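Trainee: Those protein sequence lines, which keep their order, are chains L and S. Everything in the first sequence is counted per our numbering, starting at 17 for the first residue and increasing by one. Everything in the second sequence is counted per our numbering, starting at 33 for the first residue and increasing by one.
A hint or two may mislead.
Unchecked claim - Lysine to aspartate or glutamate pairs mimicking EDC-like chemistry, simulated, CA-CA at most 16 Å apart: (1) S:K53 / L:D87; (2) S:K166 / L:D87; (3) S:K53 / S:D162; (4) S:K53 / L:E86; (5) S:K166 / L:E121; (6) S:K166 / L:D107.
The hints are simulated quantities; they were obtained by calculation from the structure and are not laboratory data. Just so you know, these numbers come straight off a predicted model, no measurement behind them.
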Amino acid sequence: MIVFDNVTFGYGPKPVLEAASLNIGADERVAILGGSGEGKTTILKLILGLIRADSGHIIVDGTNITDKPEDELSEIRRKFSIVFQEGALFDSLSVRENVAFCLREFTKMSEEEIFVKVAELLKIVGVEHAIDLMPDELSGGMHRRVAIARSLAAFEPKMFLYDEATTGLDPVNADKICRLINELCKEGTGMIIVTHKVIDAFKVARRFLFLQNGRIIFDGDRPGLLQSENPDIQEFLNEFRHEFD
Amino acid sequence: MKKDLKRTVDDLQEYYLLSAKGLIGVFRRPFYFHDFIEQMDYCGAGSLLIVCLVLLFIGMALSLRLAAELSVMGLKMYTGKVVGISIISEIGPVAAALVFSGRVGAGMASELGLMILGHQVDSLRVFGVDPIKKLVTPRILSSIIMLPALTLIGDAVSLIGAWYIAVYVSHQSGYVYWNSIQYELTFGNVFLGAFKPFVFGYIISSISCYKGLSTRGGAVGLRRSTTTAVVLSIVMIIVADFVLTRILLYVLGFSL
Chain L
17 MIVFDNVTFG
27 YGPKPVLEAA
37 SLNIGADERV
47 AILGGSGEGK
57 TTILKLILGL
67 IRADSGHIIV
77 DGTNITDKPE
87 DELSEIRRKF
97 SIVFQEGALF
107 DSLSVRENVA
117 FCLREFTKMS
127 EEEIFVKVAE
137 LLKIVGVEHA
147 IDLMPDELSG
157 GMHRRVAIAR
167 SLAAFEPKMF
177 LYDEATTGLD
187 PVNADKICRL
197 INELCKEGTG
207 MIIVTHKVID
217 AFKVARRFLF
227 LQNGRIIFDG
237 DRPGLLQSEN
247 PDIQEFLNEF
257 RHEFD
Chain S
33 MKKDLKRTVD
43 DLQEYYLLSA
53 KGLIGVFRRP
63 FYFHDFIEQM
73 DYCGAGSLLI
83 VCLVLLFIGM
93 ALSLRLAAEL
103 SVMGLKMYTG
113 KVVGISIISE
123 IGPVAAALVF
133 SGRVGAGMAS
143 ELGLMILGHQ
153 VDSLRVFGVD
163 PIKKLVTPRI
173 LSSIIMLPAL
183 TLIGDAVSLI
193 GAWYIAVYVS
203 HQSGYVYWNS
213 IQYELTFGNV
223 FLGAFKPFVF
233 GYIISSISCY
243 KGLSTRGGAV
253 GLRRSTTTAV
263 VLSIVMIIVA
273 DFVLTRILLY
283 VLGFSL
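If we strip away everything but chain L, and leave its shape as in the complex, we get (with noise of 0.2 Å):
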């Protein structure tokens, strides 16, 4: 499904991810981990095309997006059900208004069938009576689960794409989150999540990559990555044991 060949990108003249190569199938389960500006989320955005490889190649579902105009990324986008950090609804729409989006730009349903698909969708991610609320009145969780359900809405996507879909909630929220991302992946769909919380992706991934000064420095399963020797794979692990010991 994705195929990335020897990617370097950068925002200036440090690379922010160096020579990366990947190959994640349609139906894995990734975890994307390392510390703060490892290059965690740039590996989503050049997924999705949203910013472009200054060398190698990306391929998607077999397109070659590497150098492919923004016009033509639809498609491809349209594969992909991604959640943003900190869920990124439109401030100015009310949480039915968000959820509708997509279903109002893309789709010719009646207002009646989109209000019926939207109580329907915000019933799966469990915060149904949110519907008239605006986004800066929800808590933390209530903001990812419902940009879950604006990205449901969207397509039918063939991957997940989280991106630090748990960070800054509590335990309690961090868990539901993480049981609602196990509920939508059930049917074989693939998901990538990038996260610094290793108890977050052990609860939701099979495949893990680490992500060290824009390198990838492990690509394995959870064992191998909890007796992986690299020191500063230690070393992060070390901050988390506690909560899986």
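Go by the hints and put chain S onto chain L.
Mentor: Same frame as chain L, now just chain S:
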């Protein structure tokens, strides 16, 4: 030095592209009518009071100053004439545009900047919605329509303020005041004042949208882009006013 020059050229190129696409978007589907109405309300109705207030006091101050100066030369009856030309063709459009850039331009830049930082613009792109069509075009169109309307109303309020001073403070004849203004309402003078706000509206909205959408670097970046949007708009309004006045005076056949 070379790097700075390259960045400036890149910025200019991106600005031209965005402002052109934003304007062309008016003629191409899809049309975001709801966003357009919302922006018309924000730009127009929301700015009306402040534009009127500023122009009212400018008109009054101008009338006061001119009456005092002209009465020394025994030419007090020309107050309406000078006030009329100044406000209709110069002060009205520029003052309204400056107020508009401070209120609407800053608002546009900060709103779009915040949308960039909060990944809302990225969300639009992922959903397949063109951010320029959805965010920039309604803002440019509403500014192009509302700034001339605000200028027209502001000019009228300013002339009324100047009339009040001329009649009740400087003890001139109201009939002479309005008559001399009416005498100055020629096609050339009115066109000079009516054409500029269209250009100013485009300049303010396109610069503000561009600076907002190019926001990088958190709260500091947002402060920088909002400040730059307002400062650049103000400078460009003053420069454009001079250039437009020179061109229009030539085109309309005014002799210097």
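Trainee: Hint by hint, note whether the structure agrees.
Mentor: Do the hints match the structure? See the list:
1. A hinted pair counts as satisfied when its Cα atoms are at most 16 Å apart, and S:K53 with L:D87 qualifies at roughly 13 Å.
2. Between S:K166 and L:D87, the direct Cα distance comes to roughly 14 Å. Compliance with the 16 Å bound is thereby established for this hinted pair.
3. Annotation: proposed proximity of S:K53 to S:D162 holds, straight-line Cα distance about 11 Å (limit 16 Å).
4. Of the supplied pair hints, the one linking S:K53 and L:E86 holds, its CA atoms being roughly 14 Å apart against a limit of 16 Å.
5. Distance restraint check for S:K166 and L:E121: the Cα-Cα separation of roughly 11 Å lies within the 16 Å cut-off, and the hinted pair is therefore satisfied.
6. The suggested pairing of S:K166 with L:D107 holds, with an alpha-carbon distance near 15 Å, which does not exceed 16 Å.
Checked against the numbered hints given earlier, this structure breaks none of them.
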